[in-house]
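A.B. asks: Assemble the complex: chain S is given as a structure, and chain G must be docked to it using the hints.
2 protein chains.
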Amino acid sequence: MTAPTRKTAPVNIADKLAQFSDLWSQRTIAALNDYEVKVAKVHGEFVWHEHEDTDELFLVVSGRLTIQLRDGDVVLGPGEIYVVPKGVEHCPKADEETAILLLEPKGTLNTGSAGGPLTLAAVPLD
Amino acid sequence: MTAPTRKTAPVNIADKLAQFSDLWSQRTIAALNDYEVKVAKVHGEFVWHEHEDTDELFLVVSGRLTIQLRDGDVVLGPGEIYVVPKGVEHCPKADEETAILLLEPKGTLNTGSAGGPLTLAAVPLD
Chain S
1 MTAPTRKTAP
11 VNIADKLAQF
21 SDLWSQRTIA
31 ALNDYEVKVA
41 KVHGEFVWHE
51 HEDTDELFLV
61 VSGRLTIQLR
71 DGDVVLGPGE
81 IYVVPKGVEH
91 CPKADEETAI
101 LLLEPKGTLN
111 TGSAGGPLTL
121 AAVPLD
Chain G
1 MTAPTRKTAP
11 VNIADKLAQF
21 SDLWSQRTIA
31 ALNDYEVKVA
41 KVHGEFVWHE
51 HEDTDELFLV
61 VSGRLTIQLR
71 DGDVVLGPGE
81 IYVVPKGVEH
91 CPKADEETAI
101 LLLEPKGTLN
111 TGSAGGPLTL
121 AAVPLD
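Which chain is which? The protein sequence lines are S and G, in order. Following full-length UniProt numbering, the numbering of the first sequence begins with 1 at its first residue and continues without gaps. Following full-length UniProt numbering, the numbering of the second sequence begins with 1 at its first residue and continues without gaps.
Isolated chain S, as found in the complex (with noise of 0.2 Å):
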């Protein structure tokens, strides 16, 4: 193959998704002015945290995500959207393996303001 002069593959989500196994680890896989489109595979429980600056979107790809909010649950399956608005906390968890496409400004951070062991900044993948 010979290299395009400008970059006209569309980037297939579920390709990404297999190029990686680890959980809870972010993969920048687009970017949109200055925000970044990620996927994660996660599968438990995460923390407790909030963004303070950015509302955060999720689209849940297969699997099923419970993000719990103070105030109640949230439950998405595959295709369904929600956005935890700016200085919302939030905790997602999974009871089975569930890959999630992430967006929101770039250099957000998976943990928020909690930090703490789980932190980790978004990697790109190929």
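Errors might be hidden in some of the hints.
Since copy identity is lost for identical chains, a pair holds within one copy or between any two.
Stated by the list, open to error - Derived SDA-like pairs: lysine to any residue, alpha-carbon spacing no greater than 25 Å straight-line:
| no. | residue 1 | residue 2 |
| --- | --- | --- |
| 1 | 106 | 80 |
| 2 | 106 | 55 |
| 3 | 86 | 126 |
| 4 | 93 | 72 |
| 5 | 86 | 107 |
| 6 | 106 | 79 |
| 7 | 106 | 72 |
| 8 | 93 | 70 |
| 9 | 86 | 8 |
I should point out that these hints are in silico values taken from the structure, not numbers from a laboratory. A quick note: this is a predicted structure, and the numbers were derived from the prediction, not measured.
C.D. replies: Chain G alone, transformed into the frame defined by chain S:
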């Protein structure tokens, strides 16, 4: 049903798409900061246009979308993403009815700087 104190229902993309049938008309289904998540049904060819101030993200939900660029086509199937860079002319087309999800800043017009009779503001869905 009683009204929840917080909107805790996820947004189901397929349910939103089932609420309308007109082509090339964007419906807003979620907001993320000053960005909008929109869905549309497309069939046939749109118009060549560009967005001078923003990238534009396309995600195909069902069907097949060709994003014509001046130096080649990008063909997207379900679960595939392409981001048209700011200022790059493009013309979407679909040989079959195709459902897409779009993401861009609020107020971005579908025809960008081209204008013309197909120009429509996005309409919110309930």
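A.B. asks: Next, verify each hint and record whether it holds.
C.D. replies: Comparing the hints with the structure gives:
1. For the homomeric pair residue 106 and residue 80, the shortest alpha-carbon distances inside one copy (23 Å) and between copies (21 Å) are both at most 25 Å.
2. For a Cα distance limit of 25 Å, the shortest separation of residue 106 from residue 55 qualifies both inside one copy, at 12 Å, and across copies, at 15 Å.
3. For a Cα distance limit of 25 Å, the shortest separation of residue 86 from residue 126 across copies, 22 Å, qualifies, whereas the shortest one inside one copy, 30 Å, does not.
4. Taking the shortest alpha-carbon separations for residue 93 and residue 72, only the intra-copy value of 13 Å comes in at or below 25 Å, while the best inter-copy value is 42 Å.
5. In the homo-oligomer, the alpha carbons of residue 86 and residue 107 lie at most 25 Å apart both inside one protomer (15 Å) and across protomers (21 Å), since each shortest distance falls under that limit.
6. In this assembly of identical chains, residue 106 and residue 79 lie within 25 Å of each other by CA distance both inside one copy and across copies; the values are 23 Å within and 22 Å between.
7. In the homo-oligomer, the alpha carbons of residue 106 and residue 72 never lie at most 25 Å apart, since the shortest distance is 28 Å inside one protomer and 29 Å across protomers.
8. When the C-alpha separation of residue 93 and residue 70 is checked against a cutoff of 25 Å, the pair qualifies only within one copy, where the shortest distance is 14 Å, while the shortest distance between copies is 44 Å.
9. Taking the shortest Cα distances, residue 86 and residue 8 sit within 25 Å of each other only across copies (15 Å), while inside one copy they are farther apart (34 Å).
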